[in-house]
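Asks: Could you build all of it, start to finish, from the sequences and the hints given here?
2 protein chains.
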Amino acid sequence: MDKMILDGRIWIQTESGPFLGYGRVELLEKIGDLGSLRKAASEMKISYRQAWDFIDQMNKRCDKPLVEMGRGGKGGGGALLTEEGHRAIKLFRSVDSEFQKFVERMNKKINK
Amino acid sequence: MDKMILDGRIWIQTESGPFLGYGRVELLEKIGDLGSLRKAASEMKISYRQAWDFIDQMNKRCDKPLVEMGRGGKGGGGALLTEEGHRAIKLFRSVDSEFQKFVERMNKKINK
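In order, the protein sequences belong to chains A and B. Here my numbering is used: the first residue of the first sequence is 3, the next is one more, and so on. Here my numbering is used: the first residue of the second sequence is 3, the next is one more, and so on.
Keep in mind the hints are simulated off the structure, nothing from the lab. As the structure is a prediction and not an experimental result, all values here were calculated from the model. A few of these clues could be false.
Copies of the same chain look alike in the list, so a pair counts if it fits in one copy or across any two.
Claimed, not checked - Within a straight-line C-alpha distance of at most 30 Å, the following computed DSS-like cross-link-like pairs (lysine-lysine) qualify: (1) 111 x 66; (2) 92 x 5; (3) 114 x 66; (4) 47 x 66; (5) 62 x 92; (6) 114 x 92; (7) 62 x 5; (8) 110 x 62; (9) 92 x 103; (10) 62 x 114; (11) 5 x 114; (12) 41 x 92; (13) 5 x 66; (14) 62 x 111; (15) 66 x 110; (16) 111 x 5; (17) 103 x 5; (18) 47 x 92; (19) 62 x 47.
Replies: Right under this line is the structure:
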């Protein structure tokens with residue numbers, strides 16, 4: 003039969019609901035790079051409103067905000083990735099890296 | 003902050019597309035238990051047609067069919083899980099069991 007390919011996804015939630023997933027973490031990373039929620043949303047091809055909602059939700063699920071958001075409007079919309087935000091990215095990427103290793107290991111196993 | 007909960011899903015595909023996932027494997031298991039595609043579809047609350055398509059697709063991605071399907075119609079619709087089908091279930095469940103252990107290990111790690 004054809005070669006089998008194992009794949010999958012992981013995410014982190016809290017008891018209140020979704021917290022970190024591939025999309026949310028990419029959004030945090032882009033905010034870190036661009037310093038702007040509007041630019042980050044645009045690069046991810048999601049609406050400003052959706053990006054804002056994601057960040058607002060993530061911030062509410064933490065003691066300290068992951069992103070500090072400036073005011074909107076002309077010349078506004080700046081967004082700062084906090085230390086807590088950097089930590090969240092690092093946590094998710096490290097768990098995902100372990101997951102990718104798991105997937106690789108299993109792919110070898112199922113095609114032996 | 004709230005306790006973080008890592009979760010995820012895995013699936014197996016071939017180069018032609020989807021092959022085994024949680025729903026498909028549950029369908030195979032129910033066919034094994036019930037000997038009927040119609041009853042299996044009904045227990046899973048999916049249409050007969052959808053169940054048939056899933057099985058047809060899985061069968062086409064293997065050298066040997068996972069399920070041998072009888073004719074439809076009155077008194078028909080019997081379905082037999084083949085040895086290949088049993089093997090596919092076992093493979094997926096064993097990979098998923100490793101994945102669940104991975105998730106458990108990571109959940110301890112991220113909440114330390």
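Asks: Using 30 Å as the alpha-carbon threshold, which applies to residue 114 and residue 66: within, between, both, or neither?
Replies: between (47 Å within a copy, 18 Å between copies)
Asks: Cα distance capped at 30 Å. Does residue 92 pair with residue 103 within a copy, between copies, both, or neither?
Replies: both (17 Å within a copy, 22 Å between copies)
Asks: Are the CA atoms of residue 62 and residue 47 at most 30 Å apart within a copy, between copies, both, or neither?
Replies: Close inside one copy (24 Å), not across copies (36 Å); limit 30 Å.
Asks: If the cut is 30 Å between Cα atoms, do residue 66 and residue 110 qualify within a copy, between copies, both or neither?
Replies: between (41 Å within a copy, 22 Å between copies)
Asks: Is it within, between, both or neither when you check residue 47 against residue 92 at 30 Å Cα-Cα?
Replies: Only inside one copy: residue 47 and residue 92 sit 23 Å apart there, 40 Å across copies, limit 30 Å.
Asks: Is it within a copy, between copies, both, or neither that the alpha carbon of residue 5 lies no farther than 30 Å from that of residue 114?
Replies: within (10 Å within a copy, 38 Å between copies)
Asks: With identical chains treated as interchangeable, where does the CA-CA distance between residue 5 and residue 66 reach 30 Å or less: within a copy, between copies, both, or neither?
Replies: Result: close only across copies, 14 Å inter versus 46 Å intra.
Asks: When no copy is specified for residue 114 and residue 92, does a C-alpha distance of 30 Å or less occur within a copy, between copies, both, or neither?
Replies: Close across copies (15 Å), not inside one copy (33 Å); limit 30 Å.
Asks: Within, between, both or neither: how does the pair residue 111, residue 5 come out at a Cα-Cα threshold of 30 Å?
Replies: within (12 Å within a copy, 33 Å between copies)
Asks: Treating 30 Å as the Cα threshold, decide for residue 47 and residue 66: within, between, both or neither.
Replies: within (27 Å within a copy, 43 Å between copies)
Asks: Using 30 Å as the alpha carbon limit, work out where residue 62 and residue 114 are close: within a copy, between copies, both or neither.
Replies: Between copies only: 21 Å across, 46 Å inside.
Asks: Between residue 41 and residue 92, at a C-alpha cutoff of 30 Å, which is it: within one copy, between copies, both, or neither?
Replies: The answer is within: 22 Å in one copy meets 30 Å, while 47 Å across copies does not.
In the structure shown, no violation is registered for any of the earlier numbered hints.
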